[in-house]
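Asks: Assembly of the complex is requested from the two constituent chains, each provided in isolation within its own frame, with the hints serving as guidance.
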Amino acid sequence: MKKNLLLFFLFIFVNKICAQTQNDIKLFENIYSTYQEKVHYNNFKDSQNEIEQITGVFFSFYKKILSSQDANHCVFYPSCSEYTFQSIKKNGVIGIIDGIDRLSRCNRLSPENYKLYKNTNLFYDPVD
Amino acid sequence: MMKYILKRLSLLLIVFKFILFYNVSAQSIDETIKFADNQYGELNYKLAIKEYQRALFFSNGDKIEYLYKQIANSNFNIHNYDKAAYYYELSYKTSYNDSLKNELLLKKASCYILNENYDLALLELINFSDSLDIYFENRKNFYYAVIYFGLEDFEVSKSYFLKIFNDKQLLEKQQIELIFDKKKNFNNPNPKFAKLISFIVPGSGQLYSGNFKNGLNSLILTSGIAVLGIYIAQYYSVFDAILSTAPWFFRYYVGGAQNSKKIALNKRAKRRDKTYKKILNIIKTSNN
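Those protein sequences? They're chains A and B, same order as listed. For the first sequence, this note's numbering begins at -10 and goes up steadily by one. For the second sequence, this note's numbering begins at 2 and goes up steadily by one.
Just chain B, same shape as in the assembly (with noise of 0.2 Å):
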């Protein structure tokens, strides 16, 4: 009887000292805020999105706009920007704050533009309101000219770039025109060319391209099996060569024009990026 009293007891005690413990620890709403900003203060974004969303769940709609904020912004530093760009949006409809509103636009297009989606980055700069003040109307201009530049519409991009300058800053305006009046630095070397040349005279386009090594390979490689090709039919047959060397050849001929156009591609991305980058230094310097 006795073992039974005590072991109903003990169960009892168990019993209340959950709840009692349960109570104590249970963590409010701003609790759990406050762990996810100290996480979010030490960089640690993949704990801190857990717990804001935590605390999404369980909010009663109070800090909702913070919330969607702080997700936004931890996902955008993982460089998780599809994600960081669905709690923009949604920061965005629940802020009443004007310029909260402005700076939560222009960071949804700036994830855009960081996943090289330039048409959904401009869709987003058409919510801005006509009537900005200078601090947004220069940043958007900025903006505008960063995404009309991926999309290679390099007039476009040069007047918004000229927008961010004022009046007085007119060495630095000189300068970026000088800079998109070169249309070297925007259109050159042209794949297409490259690779039609490279049909024509296998290793040119490559040559075209700056890239002489590879050109003089490629012109080798080709030549070396059709000359391979020629020996054979002479010694052989003509079928004798084309059942052994027509292969190889056409491999190496359409793969040098192939390569040819992706060198291309790839010199005339590396001049572009250094001319972006010019034109940025132009800005920064200006700036300073």
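Chain A extracted, bound-state conformation (with noise of 0.2 Å):
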């Protein structure tokens, strides 16, 4: 009779040990998922006309061939060329300036001016 109790509040405890492990692997499970996925710049597929196509083709362009052999220079997120297209696309050609507005900002003497994007150490600016 004592044997068999121990046994059952065994079973319990046991059950009691997996439910808890369980519970802190779902908690842990994705810790080292820190590694970056690939990126696609296919942006020219979705455009709507044809300075967004020809800004697009370009911006792919740059951004698979040019921009991927650099080292990462830009202070700002998202960087300078991917603030330009999203601006262009936003407005149009007017976008080109402000493109060349952020290319003239883009260094580190006003930190003031912006907030720090996530956990880098890179100044959030987006296209408004």
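Rather than coming from a laboratory, the hints here were simulated on the basis of the structure. All figures in this text were calculated on a predicted structure; none of them were measured in a lab. Take the hints with a grain of salt, since some may be wrong.
Claimed, not checked - Covered by chain A, per the in silico footprint, the following chain B stretches (three or more residues, Cβ under 8 Å):
| # | stretch |
| --- | --- |
| 1 | 110 to 124 |
| 2 | 143 to 153 |
| 3 | 213 to 219 |
| 4 | 247 to 256 |
| 5 | 265 to 275 |
| 6 | 280 to 287 |
To be verified - No farther apart than 30 Å at their CA atoms in a straight line, the calculated lysine-lysine pairs in the DSS-like style are these:
| # | chain 1 | residue 1 | chain 2 | residue 2 |
| --- | --- | --- | --- | --- |
| 7 | A | 107 | B | 47 |
| 8 | A | 15 | B | 141 |
| 9 | B | 263 | A | 15 |
| 10 | A | 15 | B | 279 |
| 11 | A | 15 | B | 47 |
| 12 | A | 107 | B | 84 |
| 13 | A | 107 | B | 268 |
| 14 | B | 51 | A | 104 |
| 15 | B | 47 | B | 94 |
| 16 | B | 174 | A | 15 |
| 17 | B | 263 | A | 52 |
| 18 | A | 15 | B | 164 |
| 19 | A | 104 | B | 84 |
| 20 | B | 268 | A | 52 |
| 21 | A | 107 | B | 275 |
| 22 | B | 275 | A | 15 |
| 23 | B | 278 | A | 15 |
| 24 | B | 271 | A | 52 |
| 25 | A | 107 | B | 196 |
| 26 | B | 275 | A | 52 |
| 27 | B | 214 | A | 53 |
| 28 | A | 15 | B | 84 |
| 29 | B | 35 | B | 94 |
| 30 | A | 15 | B | 169 |
| 31 | B | 159 | A | 15 |
| 32 | A | 104 | B | 47 |
| 33 | B | 193 | A | 52 |
| 34 | B | 268 | A | 53 |
| 35 | A | 15 | B | 185 |
| 36 | A | 78 | B | 214 |
| 37 | B | 184 | A | 15 |
| 38 | B | 271 | A | 53 |
| 39 | A | 53 | B | 193 |
| 40 | A | 53 | B | 263 |
The beta-carbon is built from N, C-alpha and C at its ideal position, and this holds for glycine as well.
Replies: Now the structure itself:
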């Protein structure tokens, strides 16, 4: 009788261990998934007009061929090229001027004007 | 005169009504906690934190341990791990129940782990007493294993992962040992080596890390600029060649080498994550 009781309690206890470890596993399951997934720049595919299409092709070429070989120098998030492309998509040709303005600000001389993006040391400056 | 009396009377009425209303509607601490618990139950954690803090401010110290724990849990659920760790610590200090204290220690350690602050998590686990029951011993070993994995001390991590299994689970232990014996799972590709060979032959670091497109791109781009420089040097002058192509060449030559290191690091992190998930899967299935 005693043995049976002991086994019963042991069974309950072991179940408790398993359930708790399962919770811990779930909690820590993705802590090492910190790697970056590949970003595909095919922005010209969803273009609305010719200007967007042309800038989209240039942007994709720049991102895939040239920028991918460059070290990270841009101090902003999104980067200056992405910002210009987004701005052109939003404002049309005026977006190019917006992009030139952004390039002129691409330095660390006025950090007080920007918030930092997440855990990086990049300034957060999205297209409004 | 009548007007004056009426004015006075209505003012008095307002004052009395206000006092009455105030007495009726003033929340007791228990009601505030109940409201906060409801918000917590409805996953409205930000409001729950506000209400728990209000209760904490007005409380006479009765439910202080519960309030600290609930504030910590709420912060934990909105991924505010720094604050959660702080309140778990306060709850730990005000708690007298040993098993609750152990639970709080684990919670605090998990906050540090999720914040990738493995050293602090390790320090937290040292606070455990030596005589623990199987339940906490098992969980403590799992936490140690995860922390040492994060600290890249894979041998120690392996020893703690093995401790999770009992003597009868030989197959699982063997599987874990096999995974840890393959050094490739943890150390490949080597980022320093990738950077070094990229400096010798542009693009080779990326090829070594398995990113063929990027490697080929780097090789063609840098060699293309170099060929252009030679061409300019032949037809114009060496000075012209340096002036026009050297900045571009060094930009993509150095950038390529730095990229190869980044790609290798990323690939290694991906491989480690895959290995880690394999280990967790073994533990999961063994528990089922």
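Asks: If a hint holds in the structure, say so; if it does not, say that too.
Replies: Checked hints:
Residues of the stretch 110 to 124 of chain B lying with their CB closer than 8 Å to a CB of chain A number 4, which satisfies the three-residue condition for coverage. Coverage of a stretch by a chain is defined here by at least three residues with a beta carbon nearer than 8 Å to that chain's beta carbons; for the stretch 143 to 153 of chain B and chain A the count is 5, and the condition holds. Coverage of a stretch by a chain is defined here by at least three residues with a beta carbon nearer than 8 Å to that chain's beta carbons; for the stretch 213 to 219 of chain B and chain A the count is 3, and the condition holds. For the stretch 247 to 256 of chain B, the stated coverage by chain A holds: 4 residues have a C-beta nearer than 8 Å to a C-beta of that chain, and at least 3 were required.
Coverage of the stretch 265 to 275 of chain B by chain A holds in this model, with 6 residues showing a Cβ closer than 8 Å to a Cβ of that chain against a need of three. Given as covered by chain A, the stretch 280 to 287 of chain B passes the check, having 3 residues with a CB less than 8 Å from a CB of that chain where 3 are the minimum. Between the alpha carbons of residue 107/A and residue 47/B the distance comes to roughly 20 Å, so the proposed pair stays at or under 30 Å and holds. A C-alpha spacing of about 16 Å is found between residue 15/A and residue 141/B, which places the hinted pair at or below 30 Å, so the restraint holds.
Between residue 263/B and residue 15/A the alpha-carbon distance is near 29 Å, which keeps this suggested pair within the 30 Å criterion. With a C-alpha separation of about 13 Å, the suggested pair residue 15/A and residue 279/B falls inside the 30 Å cut-off, and the hint holds. A distance of roughly 23 Å separates the Cα atoms of residue 15/A and residue 47/B; the hinted pair therefore holds under the 30 Å criterion. For a cut-off of 30 Å, the pair hint linking residue 107/A to residue 84/B stands: about 17 Å separates their Cα positions.
The suggested pairing of residue 107/A with residue 268/B holds, with an alpha-carbon distance near 23 Å, which does not exceed 30 Å. For the hint linking residue 51/B to residue 104/A, the alpha-carbon distance of about 26 Å falls within 30 Å, and the restraint holds. Of the supplied pair hints, the one linking residue 47/B and residue 94/B holds, its CA atoms being roughly 24 Å apart against a limit of 30 Å. Simply put, residue 174/B and residue 15/A have alpha-carbon atoms about 21 Å apart, close enough for the 30 Å limit, and the pair holds.
Straight-line distance between C-alpha atoms of residue 263/B and residue 52/A comes to about 17 Å, which keeps the hinted pair within the 30 Å bound. The hinted pair formed by residue 15/A and residue 164/B meets the criterion: a straight-line CA distance of about 19 Å does not exceed 30 Å. Between residue 104/A and residue 84/B the alpha-carbon distance is near 21 Å, which keeps this suggested pair within the 30 Å criterion. Between residue 268/B and residue 52/A the CA atoms are separated by roughly 20 Å; this keeps the pair inside 30 Å, and the hint holds.
This hinted pair checks out: residue 107/A and residue 275/B have alpha carbons roughly 25 Å apart, not beyond 30 Å. Distance check on the hinted pair: residue 275/B and residue 15/A sit about 15 Å apart at the alpha-carbon level, within 30 Å; holds. Of the pairs offered as hints, the one joining residue 278/B and residue 15/A holds, with about 11 Å between alpha carbons and a cut-off of 30 Å not exceeded. Under the criterion of a C-alpha separation no larger than 30 Å, the hint pairing residue 271/B with residue 52/A is consistent with the structure, at around 23 Å.
Taking the CA atoms of residue 107/A and residue 196/B, the gap is about 28 Å. The hint holds against a cut of 30 Å. At most 30 Å may separate the alpha-carbon atoms for a hinted pair to count; residue 275/B and residue 52/A meet this at roughly 29 Å. Of the pairs offered as hints, the one joining residue 214/B and residue 53/A holds, with about 10 Å between alpha carbons and a cut-off of 30 Å not exceeded. Distance hint between residue 15/A and residue 84/B is fulfilled; the C-alpha atoms sit about 22 Å from each other, no more than 30 Å.
Taking the CA atoms of residue 35/B and residue 94/B, the gap is near 24 Å; set against the 30 Å cutoff, the hint holds. The hinted pair formed by residue 15/A and residue 169/B meets the criterion: a straight-line CA distance of about 25 Å does not exceed 30 Å. Only pairs whose Cα atoms come within 30 Å are accepted, and residue 159/B paired with residue 15/A is accepted, the gap being roughly 19 Å. Taken as a hint, the residue 104/A and residue 47/B pair is honoured in the structure, with Cα atoms around 23 Å apart against an allowance of 30 Å.
Using a Cα cut-off of 30 Å, the hinted pair residue 193/B and residue 52/A holds, with the two alpha carbons roughly 25 Å apart. A hinted pair counts as satisfied when its Cα atoms are at most 30 Å apart, and residue 268/B with residue 53/A qualifies at roughly 19 Å. Between residue 15/A and residue 185/B the alpha-carbon distance is near 26 Å, which keeps this suggested pair within the 30 Å criterion. Proposed proximity of residue 78/A and residue 214/B is supported: the alpha carbons are some 29 Å apart, at most 30 Å.
With a CA separation close to 26 Å, the supplied pair residue 184/B and residue 15/A stays within the 30 Å bound. Restraint check for residue 271/B and residue 53/A: satisfied, since their Cα atoms lie roughly 22 Å apart, inside the 30 Å limit. Note on residue 53/A and residue 193/B: the hinted pairing holds, with a Cα-Cα distance of about 24 Å set against a maximum of 30 Å. A hinted pair counts as satisfied when its Cα atoms are at most 30 Å apart, and residue 53/A with residue 263/B qualifies at roughly 16 Å.
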